[in-house]
Amino acid sequence: MVEDLVISSTGLTKSYGPHVALDALDIEIKSGATGLLGPNGAGKSTFIKTILGLIQITSGDGHVLGLDIRTQGDQIRQRSGYMPEYDALNPNMEAIHQVRYSGELLGMNPTVALNRAHQALEYVGLGEQRYRQVSTFSTGMKQATKLACALIHDPELIIADEPSNGLDAHARNFMLNTLQTTVDSGQRSVLMASHLMEDVERVCSDIVLLHKGKLAAQGRIEDLKAIDKEIEVHVWGHASNMEAELKGSGMDVRREGRVMRIKHRGDESYSDILLAASKAGSQVRRMHDHEASLEDLFLVIMERLGHEVKSSDDLLKGVL
Amino acid sequence: MSESPETPFEPVESKENDTFSTETPVTGKSKMTAAWSSDEGESEGVAAVASLPQGQVFEQNYQPWNGTLNPRWMRNWAILRHHVLGIFRKGHRPWGIPTRLFIFFVILASCTDIALALLASLVGSTELYDMFGVNRNNLYGHVLGFWPRNILYFPVVAALLVGGMISEDRAHGTSALYFSRPISRFDYASMKFLSIAIILFLIIDGTLALYYFSEVLVMGRGWSWIIDTFPMFLGAFLCGILLSFTYTSIGLALSSISRGRFFPAIGLIAILMGTKTMAAIINGLFDKSTLYVISPYDSVAHVCQAIMGIDSSYGELSWTWSLASVIIINGIALYLLATRVSTLEVTRE
Numbered sequence: 001m002v003e004d005l006v007i008s009s010t011g012l013t014k015s016y017g018p019h020v021a022l023d024a025l026d027i028e029i030k031s032g033a034t035g036l037l038g039p040n041g042a043g044k045s046t047f048i049k050t051i052l053g054l055i056q057i058t059s060g061d062g063h064v065l066g067l068d069i070r071t072q073g074d075q076i077r078q079r080s081g082y083m084p085e086y087d088a089l090n091p092n093m094e095a096i097h098q099v100r101y102s103g104e105l106l107g108m109n110p111t112v113a114l115n116r117a118h119q120a121l122e123y124v125g126l127g128e129q130r131y132r133q134v135s136t137f138s139t140g141m142k143q144a145t146k147l148a149c150a151l152i153h154d155p156e157l158i159i160a161d162e163p164s165n166g167l168d169a170h171a172r173n174f175m176l177n178t179l180q181t182t183v184d185s186g187q188r189s190v191l192m193a194s195h196l197m198e199d200v201e202r203v204c205s206d207i208v209l210l211h212k213g214k215l216a217a218q219g220r221i222e223d224l225k226a227i228d229k230e231i232e233v234h235v236w237g238h239a240s241n242m243e244a245e246l247k248g249s250g251m252d253v254r255r256e257g258r259v260m261r262i263k264h265r266g267d268e269s270y271s272d273i274l275l276a277a278s279k280a281g282s283q284v285r286r287m288h289d290h291e292a293s294l295e296d297l298f299l300v301i302m303e304r305l306g307h308e309v310k311s312s313d314d315l316l317k318g319v320l
Numbered sequence: 001m002s003e004s005p006e007t008p009f010e011p012v013e014s015k016e017n018d019t020f021s022t023e024t025p026v027t028g029k030s031k032m033t034a035a036w037s038s039d040e041g042e043s044e045g046v047a048a049v050a051s052l053p054q055g056q057v058f059e060q061n062y063q064p065w066n067g068t069l070n071p072r073w074m075r076n077w078a079i080l081r082h083h084v085l086g087i088f089r090k091g092h093r094p095w096g097i098p099t100r101l102f103i104f105f106v107i108l109a110s111c112t113d114i115a116l117a118l119l120a121s122l123v124g125s126t127e128l129y130d131m132f133g134v135n136r137n138n139l140y141g142h143v144l145g146f147w148p149r150n151i152l153y154f155p156v157v158a159a160l161l162v163g164g165m166i167s168e169d170r171a172h173g174t175s176a177l178y179f180s181r182p183i184s185r186f187d188y189a190s191m192k193f194l195s196i197a198i199i200l201f202l203i204i205d206g207t208l209a210l211y212y213f214s215e216v217l218v219m220g221r222g223w224s225w226i227i228d229t230f231p232m233f234l235g236a237f238l239c240g241i242l243l244s245f246t247y248t249s250i251g252l253a254l255s256s257i258s259r260g261r262f263f264p265a266i267g268l269i270a271i272l273m274g275t276k277t278m279a280a281i282i283n284g285l286f287d288k289s290t291l292y293v294i295s296p297y298d299s300v301a302h303v304c305q306a307i308m309g310i311d312s313s314y315g316e317l318s319w320t321w322s323l324a325s326v327i328i329i330n331g332i333a334l335y336l337l338a339t340r341v342s343t344l345e346v347t348r349e
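Protein chains in written order, with my numbering: chain A, 1 to 320; chain B, 1 to 349.
Keep in mind that the hints are not guaranteed to be accurate.
Said to hold, decoys possible - Heads up, incomplete: computed chain A residues facing chain B, CB under 7 Å, no partners named:
hint	residue
1	Leu54
2	Arg77
3	Asp87
4	Ala88
5	Asn92
6	Met93
7	His97
8	Arg116
9	Asp154
Said to hold, decoys possible - To spell it out: a stretch of chain A is covered by chain B in this simulated footprint if at least three of its residues, at any positions, have a beta carbon under 8 Å from a beta carbon of chain B; those stretches are:
hint	region
10	99-111
11	118-130
Note that these hints are calculated values from the structure, not bench results. By construction, the Cβ of each residue, glycine as well, lies at the ideal position given by its N, Cα and C atoms.
Using the sequences plus the hints, can you model the full thing?
Below, the structure written as structure tokens:
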């Protein structure tokens with residue numbers, strides 16, 4: 001096992017009767033921030049429960065922070081912090097006592113837990129509101145309180161389930177900044193399950209994509225983005241001719257008016273484009289690489305799922 | 001260390017500085033103020049009369065923690081402490097004001113026999129002392145007297161306590177707070193159970209002990225009296241534990257199958273009162289006391305009559321049937337509790 005792996009699994013399978021929720025997952029998640037992506041029913045929640053050691057797996061192996069998910073669930077939960085997607089706070093308690101109690105449930109001494117609760121709430125931006133009842137909090141403040149509960153014992157791994165769910169732009173921005181600070185400044189690892197590609201892209205360097213309980217893709221976002229790399233060209237005059245020239249030379253072209261997107265085939269792509277422009281008599285006004293968003297990548301991966309995509313290597317195969 | 005220039009939540013609104021601008025109406029007062037407060041040579045013609053700090057700086061520092069986490073017993077103690085101390089102190093489980101007031105009332109009301117026994121000793125009335133002083137029947141009555149203790153006090157306290165105990169964790173999602181920590185389902189259920197049982201035990205057996213020992217102190221009872229009556233006190237004490245246990249197990253089982261506070265509370269009272277009423281009606285109509293085995297209160301009372309050595313009020317029914325009934329009722333309740341707690345979710349309900 002690689003030393004900096006925080007989560008790893010081999011052939012991890014979880015079945016509920018005939019329904020296979022997780023299908024032979026081979027996952028390697030390194031330290032840092034990783035996004036856990038997948039549509040509804042992909043198996044994200046089951047995967048989280050599995051790595052927290054809350055449900056017994058059907059077959060395979062898994063380790064979190066070097067601990068076996070089959071037998072060392074207690075220790076995994078002690079060394080990690082889980083921020084649930086849904087409300088998990090007593091509305092009639094003050095935030096400070098809610099966070100303190102979450103620390104006590106980890107085995108912290110009450111005095112120490114109270115001290116850490118102050119620090120954690122200050123960190124998540126609720127320093128001034130810590131003596132307010134949770135029922136008076138906005139959604140953003142409740143999310144921040146849940147994060148404080150997860151961070152109180154300074155865990156090595158934070159599992160955040162939809163951390164920006166239901167937040168307005170300001171609170172969302174703050175939540176993502178906080179998670180990023182936790183990774184960058186706190187040197188902690190974050191596994192962030194989310195439907196929002198933009199959020200994942202902002203915080204995470206890596207992703208794990210699940211689809212119908214199977215691993216669709218995993219790896220660095222930058223590497224994965226390369227599968228959908230295109231060159232954007234703005235032309236002036238004879239655009240149709242140029243498009244025909246490019247297609248004639250076997251290039252994959254999408255055109256909208258004077259803007260064309262041409263699938264990247266390697267370094268020779270640029271000279272091929274210029275040659276096609278010269279033949280067609282078009283002026284190339286601008287030419288640059290177009291970086292796909294994670295959203296684009298997600299769609300590409302989903303399109304290719306029929307082609308037995310298992311890892312980023314499979315996705316990259318034949319593209320670069 | 002990173003720094004965020006923005007305040008995360010509810011920024012403090014800054015007040016506008018009192019300044020002079022080109023829009024300021026030219027009056028005699030503004031001319032004077034501008035002349036006397038502006039620096040010489042100031043070209044903008046704007047005088048800052050006062051300045052206030054604008055906004056606030058929020059510095060986000062991640063502070064590591066290198067402490068040690070205590071083992072399982074400390075985590076369980078935290079659950080127990082959270083629920084029991086919530087009755088007396090802020091910062092723990094927030095019990096409602098009506099619950100706290102009712103507990104206070106029940107404790108006071110449970111002490112009426114102490115007050116009356118003391119009154120009997122003060123006035124020297126043997127009739128009054130026989131009615132309220134410490135003896136086998138009165139010790140039993142302190143715990144299991146139906147009127148008013150087991151119709152007005154203890155079941156209502158139990159109902160108020162168990163109401164939201166597990167159902168609110170399900171409703172608020174706070175079960176995730178427990179199970180995402182190293183808390184097992186067994187620890188969760190058993191600590192919740194113990195918390196309720198301890199509060200009930202403190203009310204029932206606490207006032208029983210007060211009743212017994214106040215008699216010892218006030219009446220100046222000697223060792224021979226204590227040796228004679230102490231086994232009876234222990235018997236009643238055991239009955240208090242059995243009663244607390246049974247009410248708690250039924251109540252928590254009801255709480256575990258619900259998402260609200262009302263159903264478990266009213267369900268517990270309905271079970272305790274309904275079964276007793278039905279058994280009493282059958283007994284009255286057909287002179288058959290067998291149906292008392294379905295009543296948790298009567299089963300416990302019957303067993304405790306045997307423990308205390310007082311005359312049975314359940315006719316031909318053997319107390320062993322009642323004992324079996326107590327075991328079965330608690331067994332079913334605990335099975336239901338365990339089954340439902342095992343289905344509490346962490347990721348979503």
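Here is how each hint holds up against the structure:
no., hint, in the structure
1, Leu54, "holds, 6 Å"
2, Arg77, "holds, 5 Å"
3, Asp87, "holds, 5 Å"
4, Ala88, "holds, 4 Å"
5, Asn92, "holds, 4 Å"
6, Met93, "holds, 6 Å"
7, His97, "holds, 4 Å"
8, Arg116, "holds, 6 Å"
9, Asp154, "holds, 4 Å"
10, 99-111, "holds (count 10)"
11, 118-130, "holds (count 7)"
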